[in-house]
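Enquirer: Sequence order for the protein chains is A and B. The working numbering applies: residue 11 is where the first sequence begins, and numbers increase by one. The working numbering applies: residue 284 is where the second sequence begins, and numbers increase by one.
These are calculated hints, taken from the structure and not from any lab test. Think of the CB as a built atom: it goes at the ideal place given N, C-alpha and C, for glycine as much as any other residue. Keep in mind that a hint or two might mislead.
[As the list claims (entries may be wrong)] For each label pair, taking beta carbons as the anchor points, the in silico distance ranges come out as: (1) B:S289 - A:N229: 45 to 53 Å; (2) B:A336 - A:N229: 33 to 41 Å; (3) A:V60 - B:L350: 41 to 49 Å; (4) A:V188 - B:A333: 52 to 60 Å; (5) A:G109 - B:I318: 28 to 36 Å; (6) B:P288 - A:A64: 15 to 23 Å; (7) B:D304 - A:G109: 23 to 31 Å.
[To be verified] Below, in silico cross-link-like pairs of lysine to any residue (SDA-like), each with a Cα-Cα straight-line distance of 20 Å or less: (8) A:K146 - A:Y120; (9) A:K146 - B:R293; (10) A:K256 - B:P358.
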Amino acid sequence: MIAASLSSGVVVLVSAVFLASAVEMVEALTIVFAVGHTRGWRSAFEGVAVALVALTALVAAFGPALIHIPLNWLRLIVGGVLLVFGLQWLRKAVLRASGLKAKHDEDAIYQETVAELQGLDGSVNRDKIAFTMAFKGVFLEGLEVVITVLTLGTSAHRLTLAAVTAAIAVVLVGIVGVIVSKQLSTVPENLMKTTVGILLVAYGTFWVGEGLSIKWPGNDGFLAALVGIYALGTWLMVQGTTSAAKAVAA
Amino acid sequence: MSTRPSLPVRLLKGFGMFWWDFLVGDTPELFVSTIVIIAVTAALGKAWHANVAATVILPVLVLGSLLVTVRRSLPKKK
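All chains should be modelled from the sequences, with the hints used to inform the complete structure.
Expert: Listed below in structure tokens is the structure:
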């Protein structure tokens with residue numbers, strides 16, 4: 011029983027961190043490829059390197075501080091942040107699945123970024139622009155990975171597992187991206203985002219409950235039930251929203 | 284004379300802007316509903332020790348807030 015509930019908690023944690031990190035890495039990689047192909051790889055790599063250093067410094071500064079927050083408060087705050095974040099992902103995923111919002115198109119984002127970079131003055135600030143674009147892309151997407159790892163990892167007392175999982179996802183997506191040498195437009199991003207949204211909301215609900223001293227039936231094992239409840243709820247919402255959108259259009 | 288704010292002020296402003304975008308962004312209703320969800324569950328769980336009710340109410344409120352934000356995004360009938 012204990013092993014079953016422990017493993018379901020670990021599976022949800024690993025899945026959430028892996029998928030969220032992979033999605034953010036795909037988005038960061040798209041920007042870096044656009045910058046590298048358009049303005050040159052040197053400035054793009056410099057931007058990536060500085061962003062990684064800045065992210066490492068942030069983790070070093072704020073990571074240990076999280077341990078000093080009382081556990082129930084930490085779980086309540088983390089749960090709240092995960093709920094907001096996860097609900098934002100799920101909302102977009104439901105709207106995309108029901109055709110009310112354009113799907114996240116890496117090809118289009120790549121083309122837009124390339125056009126934006128080509129339209130800028132290429133002689134004076136060339137390196138600065140490429141550097142800034144690559145830095146912002148990696149830093150902002152990386153910050154979301156860091157928040158996911160720190161919040162999920164700390165509250166579940168599995169920070170190392172969360173960090174290693176994120177690192178594996180980032181490296182794997184990076185390797186695939188380099189091998190195919192283009193933005194990863196074939197990744198089923200909306201399906202991945204829906205799954206991440208469900209997992210984040212399930213974890214957020216669980217930690218808010220724990221932070222408020224709620225005793226969940228089956229302890230950690232209830233996480234799997236929450237995932238099932240939210241997956242069913244999301245599916246029903248996609249069906250309902252698709253019908254409602256068709257009725258409005260008719 | 285330059286009116287540009289100092290580096291610490293800019294960094295602080297950027298940090299604040301990031302969290303505002305991250306938590307509120309273009310869906311303030313989700314931020315507000317999360318606070319309401321926590322408050323209602325805390326009231327159920329703490330004030331009346333209604334643990335079972337809280338375990339049911341919490342996921343229901345979460346699904347409800349998702350439904351509200353999705354419905355708000357539906358196109359209006361002409």
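Enquirer: Any hints from earlier that this structure breaks? Give me their numbers in increasing order, please.
Expert: The structure conflicts with hint 2 only, although it agrees with all the remaining ones.
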